[in-house]
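134 is the number of the first residue of the first sequence in this note's numbering; add one for each residue after it.
Among the hints, erroneous ones may be present.
Using 27 angstroms as the maximum straight-line C-alpha spacing, the simulated DSSO-like pairs for lysine-lysine come out as follows [claimed, not checked]:
hint : residue 1 : residue 2
1    : K289      : K332
2    : K200      : K545
3    : K538      : K200
4    : K332      : K353
5    : K182      : K289
6    : K538      : K182
7    : K332      : K352
8    : K200      : K182
It should be emphasised that the hints constitute simulated quantities derived from the structure, not laboratory data.
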Amino acid sequence: MTSDRIALVDVNNFYVSCERVFDPRLEGRPVVVLSNNDGCVVARSAEAKALGITTGAPWFQLQAQAKAWGLVARSSNYELYGDMSARVMEVVGRFGTWQEVYSIDESFVGLLGDAAQLEATGRDIRAAVMRHVGVPVCVGVAQTKTLAKFANRIAKQNPALAGVCALDSMPAGHVHAIQERVPVSGLWGVGGRTATRLKMLGIETIADLKAADPALIRKKFSVVLQRTVMELNGTECIPHTEERVDKQQIMFSRSFSTPVTTVDGMEQVMAVYAQRGAARLNEAGLRASTMTITAGTSRFAAGEGSFPATTIRFATPTQDPIVLVRAAVAAIGQSAVPGASYLRAGVMFNGLEPLSGPEMLDVFAAPAGQPGVGDVLGEVRTKFGGQAIGLGFGGLAEPPSWSMKRELSSPKYTTEWAELPVVRA
DNA sequence: TCTGGGGTCCTAGGACCC
DNA sequence: TCTGGGGTCCTAGGACCC
């Protein structure tokens with residue numbers, strides 16, 4: 134019987150797998166990839182997981198044992214991961230009747246076929262991605278997205294399945310037995326808070342939740358969890374959106390490598406961050422009607438922190454870096470507390486609209502058809518690299534002392550001519 | 001000394017309108 | 001000045017995801 138099914142394809146330990154493609158010595162060793170500023174662990178190889186290293190573990194706490202464990206750490210290299218992601222998505226997309234890219238390492242694709250064909254297609258996808266990109270993927274196939282996620286989890290945890298699990302080709306009793314063992318928190322869309330509240334109602338496993346009354350769940354929780362219950366029972370409730378819906382917000386936020394303690398310093402930070410945000414707006418072809426700036430001291434320090442946040446509304450939506458930088462600097466100047474030890478800051482844009490949309494009268498805007506400042510900056514960056522040009526502090530060749538730290542980074546193997554891998558034969 | 005960054009969706013409540 | 005229902009839009013906050 135031919136059925137319409139959904140496959141969830143994701144890359145195992147994606148960041149680590151990308152590093153391994155270009156450095157095979159990492160194969161078989163415990164490897165972690167760190168967050169910005171080399172702060173904490175964001176990805177782990179199977180060997181690192183086996184050592185008990187958790188996601189979010191601070192690197193400074195692991196460093197002492199790293200040598201004894203033979204543990205290798207890499208800074209995150211988003212240029213590399215982004216490019217590898219695009220390659221994986223392109224290969225996976227060839228197999229589907231539709232494709233929705235869900236995250237940097239996951240996509241849902243539509244498959245048609247009977248149980249045996251679905252499973253065979255899963256194996257073909259795995260082989261193709263390994264051959265063309267070099268990273269291992271797992272495939273879960275089922276009737277709904279929630280179940281496809283669940284099947285993918287089974288594929289990952291059960292080595293005998295060799296990375297592919299199509300629920301249609303498993304005996305129903307077997308599937309049910311697994312659902313009776315796995316706690317609800319292992320389910321897509323059910324986090325810790327909801328799991329705790331469900332437990333009080335005696336709902337602990339996926340099987341419990343599947344058998345729950347959807348109407349009751351909606352009343353006691355939300356329409357979101359009700360959809361989960363229905364999806365567990367085979368009714369599709371979460372639509373697939375092939376083309377990315379328009380973004381609702383754009384952010385740029387970063388922690389510093391060293392604290393910033395002066396208002397002047399925070400103004401420098403904002404000048405740089407507002408520019409980075411403006412560049413993102415320009416790339417997306419959007420302008421914003423509000424900008425929210427945030428900053429924060431340590432969440433872990435004793436005493437009261439300072440977490441200024443200010444929203445600025447623009448009479449005319451804009452993506453002009455000069456306007457945005459001025460507004461951000463003025464706002465932080467008013468809200469930053471002198472002497473506070475700031476560790477992070479961010480810029481967020483909301484109320485987005487396309488650049489090509491109806492123009493309101495603004496005597497300072499570039500005349501129609503002429504490039505604005507953002508376009509010119511973007512063009513220079515495309516030709517000469519991201520660091521080539523900037524306004525004020527954003528244009529310094531030598532980055533300020535608080536800039537992000539990435540000491541253990543691999544080269545941008547696939548996106549910079551100067552950093553291409555060298556092969557000797 | 002050191003603890004990520006970037007998002008989405010839903011809901012409740014307030015402002016405002018007819 | 002008070003009375004009333006019904007509706008939209010916006011924002012803040014919660015929960016979750018990778």
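Hint check:
1. K289 - K332: holds, 26 angstroms
2. K200 - K545: The given pair, whose Cα atoms are some 26 angstroms apart, holds under the 27 angstroms limit.
3. K538 - K200: holds, 21 angstroms
4. K332 - K353: Given that 27 angstroms is the threshold and the Cα spacing comes to 13 angstroms, the pair holds.
5. K182 - K289: holds, 14 angstroms
6. K538 - K182: holds, 25 angstroms
7. K332 - K352: holds, 16 angstroms
8. K200 - K182: holds, 16 angstroms
Checked against the numbered hints above, the structure violates none of them.
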